[in-house]
Amino acid sequence: MNLEKLRDTEYIKCVGLLTELIDLDADIF
31 MNLEKLRDTE
41 YIKCVGLLTE
51 LIDLDADIF
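If you read the sequence shown in this note's numbering, its first letter stands for residue 31, the second for the next number, and so on.
Derived from the structure by calculation, the hints contain no laboratory data.
From a predicted model like this one, the values you see are computed outputs, not experimental measurements.
C-beta atoms are modelled at their ideal positions from N, C-alpha and C, and glycine is treated no differently.
No false leads were mixed into what you were given.
Computed Cβ-Cβ distance ranges for the label pairs, DEER-style: (1) Met31 to Ile58: 36 to 42 Å; (2) Asn32 to Ile58: 34 to 40 Å; (3) Leu51 to Met31: 27 to 33 Å; (4) Ile52 to Asn32: 27 to 33 Å.
Kindly generate the complete structure, drawing on both the sequences and the hints.
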């Protein structure tokens, strides 16, 4: 198990979720 790769994957997932939230906010306002 490569810890560095796991962290990168988690980071990408986090950024994706944040981007989705920002897109939703943009639609609402």
